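K.L.:
From the two separate chains plus the hints, produce the assembled complex.
Chains as they are written, first to last, in the working numbering: chain A, 1 to 95; chain B, 96 to 291.
Hints in this document: simulated from the structure, not taken from any laboratory.
Fair warning: this is a prediction, and the values are worked out from it, not measured in the lab.
Positions of the beta carbon are idealized from the N, C-alpha and C atoms, including for glycine.
Warning: the hint list may mix true and false statements.
Stretch-level coverage of chain B by chain A, calculated; a stretch enters the list once three of its residues show a Cβ under 8 Å from a Cβ in chain A [as the list claims (entries may be wrong)]:
(1) 232–243
(2) 255–267
Listed next, with one range per pair, are the computed distances between beta-carbon atoms [unchecked claim]:
(3) B:Ala262 to A:Asp27: 21 to 31 Å
(4) A:Ala20 to B:Ala195: 49 to 59 Å
(5) A:Asn71 to B:Tyr229: 15 to 25 Å
(6) B:Leu207 to A:His73: 35 to 45 Å
(7) B:Ser105 to A:Ala19: 30 to 40 Å
(8) B:Ala147 to A:Gly26: 45 to 55 Å
(9) A:Ser38 to B:Gly107: 33 to 43 Å
(10) B:His100 to A:Gln22: 25 to 35 Å
(11) B:Glu198 to A:Gly40: 36 to 46 Å
(12) B:His245 to A:Ala74: 33 to 43 Å
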Amino acid sequence: MGFDSSEWEQRRRLQAALAAAQVSTGDLWLYYFGIGGSVGEYEVEAYLQGLLSLPELQRDLLAMAANELFNDHAGPRAPYSDELGSGDPSRPEDP
Amino acid sequence: MLDPHARPVSSGSTDSVVERADALQYELVQGPCLTAWATQESILIHDVATEARWPNWSAAVVDLPIRSVISTPLIADGQAIGAMKIYAASPGAFEDATAALMELFASPAATLLSHIQTAETPERISDSLQSALYSRDLINRACGILMERHTITEDAALQQLMRQARATRSTLMEVSAIVLAGVASDPRRGSSDGLR
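The following block holds chain B by itself, in its conformation from the complex (with noise of 0.2 Å):
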């Protein structure tokens, strides 16, 4: 599976030279499953050896028994997300009903896979929790300042933050940068700390 970047995000296969084989069309930015997923149309190769479409590809994988190909694209809700291909070692073996057989297996199997996850969705997850995280971090370093300045539990410092924000209207993330930055007002707010 492929994110709109055609960076690959997810993949399976069921030998190791398919995955020798797709790792080069990814790192040459080039090869039929690139292809089928950009132009959303099944690929057929019957020689790699005299294939001339993909020609930084067909020569990296000439060691590969790999000689006929077909790719169909995984279209889920009219957005291409990926592809899935099959690899045979004598050349020829595949022919246009093939590629029609491949595409009924595709359709299904694109659905199943859009349901299951977005080309998106690891992306989207990993950057909003780095930021949860970041002010998570920021939050709890400014508790722990408080609570050894203070003297005081870690819920009393996170409360003693949360009424500064409150009081000077900021968010706790920004009271917390305050007090890490080692400045014990709001600049904004004279001399005023805001605490009770």
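Isolated chain A (complex conformation) (with noise of 0.2 Å):
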């Protein structure tokens, strides 16, 4: 399976708002299985690792998981793959 480049920068930015909330591939899954994700831990965390392709809804569920859990934290939010790629990147982040 290749990596578009989208999923590359969604991929970066959701290990870099993980990093900053201090939040653990674990928590993150677990969290991402509560709200529906259908991957499981090890495909998720070799997904972070860059090592494996997953499904779009899967990327987003994971965005969603990560920015749900830091709801409270200031730090920066991961991406949806609307957000990305083909979208207008002139467009500011949401606060």
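P.N.:
Following this line, the structure appears as structure tokens:
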């Protein structure tokens, strides 16, 4: 499975958001599972390491899990796939 | 092994007599092992028949082949995580030196056990897993309603809920709860349903 550039960017920014909020992969995965995620923790770990490509819906669910998890934090948020790549790059992120 | 509220979370024994004697301690909330755990000191009983410290437990085990007891707390990182005990059918089977020997065994055993699991681990896992399953179930039910309502696939239903959550700055669980409640839109946000 190939990686398009937006998947790469989405993963990188999810990772940055997780690091800033000090959320572990295990905690992220459990929350992601709790909102309907269908990919195993092992695969999520591999995705975060850049070793595995995930379908767009699962990537967006991971971003949503991360954003809901650190709702209280002021740090960077995880982007959704429609906020990347073909979208308007000048569009400011949600605060 | 015990959790911080003295509830047993894990146990192992070499004989059903031991299991019975232990179960009685938890039922009666008294006995040498609970005391060993609570005081973090070894307990030596020379003869259960004349032992006065745990009258209910001594009376309850009178029919079991138990006369001598040594119980040593399992201490890891300064915390008692349980107790290890030996029972003997004859009185006066153990002495202080036996207790010292037990403590030598208990120390590495406690370290090993604390690495396998802390006393609270099963509880923590079941709490977070329970809430994950609850929200997953709720969201899946909302997906099912949308699938039927709009004749769409499961993925499309989930995507629809996700768009609505983002548009209304709610969580996925909140928008799902609204769908389940039969309300087409977030009441805080007027008539816009936030769907594209």
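K.L.:
With reference to the structure, classify each hint as holding or not holding.
P.N.:
How the hints compare with the structure:
{"no.": "1", "hint": "232–243", "in the structure": "holds (count 3)"}
{"no.": "2", "hint": "255–267", "in the structure": "holds (count 5)"}
{"no.": "3", "hint": "B:Ala262 to A:Asp27: 21 to 31 Å", "in the structure": "holds, 26 Å"}
{"no.": "4", "hint": "A:Ala20 to B:Ala195: 49 to 59 Å", "in the structure": "holds, 52 Å"}
{"no.": "5", "hint": "A:Asn71 to B:Tyr229: 15 to 25 Å", "in the structure": "holds, 19 Å"}
{"no.": "6", "hint": "B:Leu207 to A:His73: 35 to 45 Å", "in the structure": "holds, 38 Å"}
{"no.": "7", "hint": "B:Ser105 to A:Ala19: 30 to 40 Å", "in the structure": "holds, 35 Å"}
{"no.": "8", "hint": "B:Ala147 to A:Gly26: 45 to 55 Å", "in the structure": "holds, 50 Å"}
{"no.": "9", "hint": "A:Ser38 to B:Gly107: 33 to 43 Å", "in the structure": "holds, 37 Å"}
{"no.": "10", "hint": "B:His100 to A:Gln22: 25 to 35 Å", "in the structure": "holds, 30 Å"}
{"no.": "11", "hint": "B:Glu198 to A:Gly40: 36 to 46 Å", "in the structure": "holds, 44 Å"}
{"no.": "12", "hint": "B:His245 to A:Ala74: 33 to 43 Å", "in the structure": "holds, 37 Å"}
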